[in-house]
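Peer 1: Chain by chain, the residues:
There are 2 protein chains.
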Amino acid sequence: MPDNVEQDTEVKKLALWIRLISNSNIIEKEIRNLFRSEFGVTLPRFDLMSALYREPGGLTMGELSKRMLVSNGNVTGIVDRLQKEGLVKRWVLPTDRRIYSAGLTQKGRNDFKILADRHRQWIGDILGGLKDDEVTPMIEMMDRVREVLKVRNENKRAKK
Amino acid sequence: MPDNVEQDTEVKKLALWIRLISNSNIIEKEIRNLFRSEFGVTLPRFDLMSALYREPGGLTMGELSKRMLVSNGNVTGIVDRLQKEGLVKRWVLPTDRRIYSAGLTQKGRNDFKILADRHRQWIGDILGGLKDDEVTPMIEMMDRVREVLKVRNENKRAKK
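Residue numbers (the working numbering), protein chains in the order written: chain B, 1 to 160; chain S, 1 to 160.
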């Protein structure tokens, strides 16, 4: 492609990216404030509990880091605190005793469900101006972006 | 609306939000790593320079904080460092001598352009799997989300 055409498509992708990160940060900031003011809970803590909730068999600490959507939290520190509060248990992996796994206790699962319900309501409110038939194609488009990122990541790994 | 219908629309919006933040964080992480490895520059620093670049007349420190997309940076600290490197100037606002404004120097503008060109190329590469005719409706949808957030914010303010 000639340079100026190549640059045009880059500019469009840049415009998409700026809108994506800007919307994402506006919503994230609001959710962060709501978790703090209503529950005294940080967003990374909710995010970590959410990852564990989806895996009743537990996750190794390495997997847990990878599964978090908001990645700036200190995983070990959060797990320590949740363990002290009786919300998480940690155990050595029987197949490799150098590796720790963590999982939510029943109390942890119950607590998480309360947070998750409120989180769902907050998002419903924040995006309340969107009609259902607008949301569906948006989800599809975000899945398409995810797919593009995944394919690229796989190609990068294959090259190594 | 009956409770279960209400909950269905919340679930869809939650699905959208999770994809939005997840895609956004994947791309942000990659851009953050590229800025660090290729230029030794943090993402908040780029973000701050970008906000100043768009306002040749300068921005007050308060406005500057609001304009940043990646909000976890320490604005004053970054401006201090950029000033020491001769990339930013700071001055007292003639109309209110308690307020500081900051702006990019010519050297700052030149430096930023180099970073911005690479940033555009990286995004073009990261989202390279998307065709142009896929990107346009995605931009429109992100503008629609932005609009919904803006209207909600205005209504919230009006209620106060």
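Treat the hints with care, since some could be wrong.
[Unchecked claim] A short, non-exhaustive set of chain S residues, derived as facing chain B with CB atoms under 8 Å: (1) LYS13; (2) TRP17; (3) ASP132; (4) VAL148.
Rather than coming from a laboratory, the hints here were simulated on the basis of the structure.
Glycine is no exception: its CB is placed at the ideal position from the N, C-alpha and C atoms.
Peer 1: All the hints need checking, so say for each whether the structure fits it.
Peer 2: Taking the hints in turn, this is what the structure says about them:
{"no.": "1", "hint": "LYS13", "verdict": "holds (4 Å)"}
{"no.": "2", "hint": "TRP17", "verdict": "holds (5 Å)"}
{"no.": "3", "hint": "ASP132", "verdict": "holds (5 Å)"}
{"no.": "4", "hint": "VAL148", "verdict": "holds (4 Å)"}
Hint violations for this structure: none, all hints satisfied.
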